[in-house]
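Required output: the full structure, derived from the provided sequences and hints.
Each chain is listed here by its residues.
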Amino acid sequence: MNALMIENITKRFGEFYAVKNLSIKIPEGTIYSLLGPNGAGKTTTIRMVMNIIIPDEGSIQVLNEKMDDRMKSRVGYLPEDRGLYPKMRVGELLLFLAELKGIQGQEARNRIDDWLKRFDLSSWKQKKVEELSRGMQQKIQFIATVIHRPDLIILDEPFSGLDPVNTKLFKDIMLEMKNEGKTIIFSTHRMEQVEMISDNICLINKAEMVLEGNLTQIKKRYGKNTVVLDYDGDASFIEALPGVEKIDDYGKFMEIKMKERSDPQELLEKSMGKIRINKFEVREPSLNAIFIDKVGETNAQNTRGH
Amino acid sequence: MRKILAVIKREYIQIVRTKGFIIGTILGPVLMAAFIVVPILVQFVSVDKQEKIGVLDLSREVFMELDNKLDQELKDGNRRYSFLEFRIEENSDQLLEELNKKVLAKELTAYIYIPENISEGGVAEYVSEHVSDFDKQGNIGQALSSIIIEKRLKGEGLDPEKIGQHMRPVRLDTKKVTTRGVERDAGGTFMISFVLVLILYMAVIFYGQIILRGVIEEKSSRVVEIVLSSLRPFQLMAGKILGIAAVGFTQYAIWSLFGIAATKYSKNVVSRFFPAAADFPIPTIPAYIFVYFIIFFILGYFLYGTLYAGIGSMVNNEKEAQQLVMPVTMFLIVPIMLMTFVIRSPDSSVSVILSIIPFFAPILMLLRISILLPPFPEIAASIVLLILTTILMIWISAKIYRVGILMYGKRPSFSEIIKWMRYG
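These protein sequence lines map, in sequence, to chains A and B.
Read the first sequence against our numbering and you will find it ends at 306, with the numbers running on by one and no gaps.
Read the second sequence against our numbering and you will find it ends at 730, with the numbers running on by one and no gaps.
Because the hints were derived from the structure by calculation, they are not lab data.
Just so it is clear, CB atoms sit at the ideal spot from N, CA and C, and this is done for glycine as well.
Heads up, a few of these hints could be off.
To be verified - Pairs of lysine-lysine, DSSO-like flavour, derived with a Cα cap of 30 angstroms:
| id | chain 1 | residue 1 | chain 2 | residue 2 |
| --- | --- | --- | --- | --- |
| 1 | A | Lys206 | B | Lys705 |
| 2 | B | Lys705 | A | Lys127 |
| 3 | B | Lys315 | A | Lys125 |
| 4 | A | Lys171 | A | Lys279 |
| 5 | A | Lys66 | B | Lys325 |
Unchecked claim - Computed spacing ranges between beta-carbons, pair by pair:
| id | chain 1 | residue 1 | chain 2 | residue 2 | range |
| --- | --- | --- | --- | --- | --- |
| 6 | A | Asp56 | B | Ser719 | 36 to 44 angstroms |
| 7 | A | Glu131 | B | Ile328 | 38 to 46 angstroms |
| 8 | B | Lys315 | A | Asp69 | 12 to 20 angstroms |
| 9 | A | Glu131 | B | Asp441 | 52 to 60 angstroms |
| 10 | B | Thr324 | A | Glu176 | 48 to 56 angstroms |
| 11 | B | Tyr558 | A | Ser23 | 53 to 61 angstroms |
In structure tokens form, the structure reads like this:
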């Protein structure tokens, strides 16, 4: 069963393609991440799923049904452009948002109290929203997204602006929900978060899908063509070594993409003595490297095409 | 529907709880009452002092009669004016100089100069440090006139009392003929209708602005997309407009109670100060005018409220909104400016056409109804057109709202707005 099925959707704004011929299938009970640089079409896709924007072509099925108002109470949505009524009290606001989702009265109040406790915000219940920090507001928005226990949760950039502690808290809750059988879709451009929790990914660039599938399989497909080096010293010579296709240098840490049929051992031999090597690992590329690689590739194609 | 109710409830509670609303609702009638009561109180409380006024009567005929005529008393029983007669001994210039000095030294409030030939058209003078008390000057002028006129008439051998009887003005009563007969109408009914039209005008502008600000706030605080994950843009817009309507209803209900209480008790209060006012009938609004008022009020509110909501969704802040609101506000101001024309010729064909135009109808048709009940087909035509236009505007605004509410950045051009309506 698919929690979300998108078939060949296209959305144009005038001449500009925001999303072009996109198809996605998301199995129930999985975590799916939408990746892509800014302006790739992630938010437009999500808004079409939420029936906020109507696609020009194609069809969308949410939880095996057409998206409509009734479905909205089975879906939780945290938009990218998000805010709260600044003058309302936290408790009141959550009650209002719960009512909009059809949760009322004591039931709503109990759930709100539980969530505020979980996020350590109980003492803020009577405060006005404008007194809260941005991180706190983000937690309130998250509560509003899941207060009605939706089967499908769509989070547009859920981690942006969160500190590591709260990022972990959000991640834990997302995993918990997955274990309860719920489906979670989230968009981001921070790869380390994706690698840790996603089952499947979809990479969008310039309105089109460039990569989709199971994260483990995608990495396998790329093969162990990558060397990760943890080092001290001046490693600038590595780029010129034979067998090296591309490097991604962070100063003390380097991800090296090897050419096909080259031998990483050769690289190790040539490096010894020149730099101090703390760690040498041959493995699949990081998602970050795949991302940069793919986005760079499609952008280059487009430039050539013009 | 339950979702719209939740929005209505939120709008209502959030606004009614603000200090602005509470203060405005209480202060409104207090201010209005103050406008009426304060001047009366000032008159009542202020202690007048006797004024000394010098009289230089060269004709030697006027002083006594002036002193007799202007014999009003102050509350303490003293006379309001104490007239002092001055006579010329040798040099009139010297005496005038002396009188001027007395005025400047505040020994006299003023002095009156009466020339010898006052009966033959000579000009009297009132000399004081300030000449802005028109009430007093008018009194003195009138007293002098009547004294001199009487003298002239007597000189001709006529009886001033008889002449007075002949000269009394004719009374012109105004009456209104309606299908129910002829009624006396001193203009009070019209005045009340006029006030109703102004109330409609002010309420539509005032609550329209609240709708506008509410939409902009939702947009600029970026809460709107969270809300829209639960309901349709149309439901949010409808809930907002209805919620603010409920706020307006509450405010006017409170004011009406104040008003009813005031008319009930004010008559007693007023007649204590002005016994004559007790006979003045408090004008009543005929029921049919009130019914039409409610109809046009509701329709006008929804027509303009929707426009304000649509505009709010297009802009990023209130400053941008002001430019777009201008044309809408003009639609409200134009009929207000046309009011005098319609009042003068309520059944001219221009008035008829103007009052049927939907954007003007709430003000101008209501005005016509209160002056001269137009034939029913005209009223029906204006109401039907107004309803159709309101529905059309709700449809258009909802489309614009749907796209606009999620658009940030540059204010859209007209052609972009047309495109938005197609996206929706």
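- Hints broken by the structure, by number, lowest first? 2, 5, 6, 7 and 10
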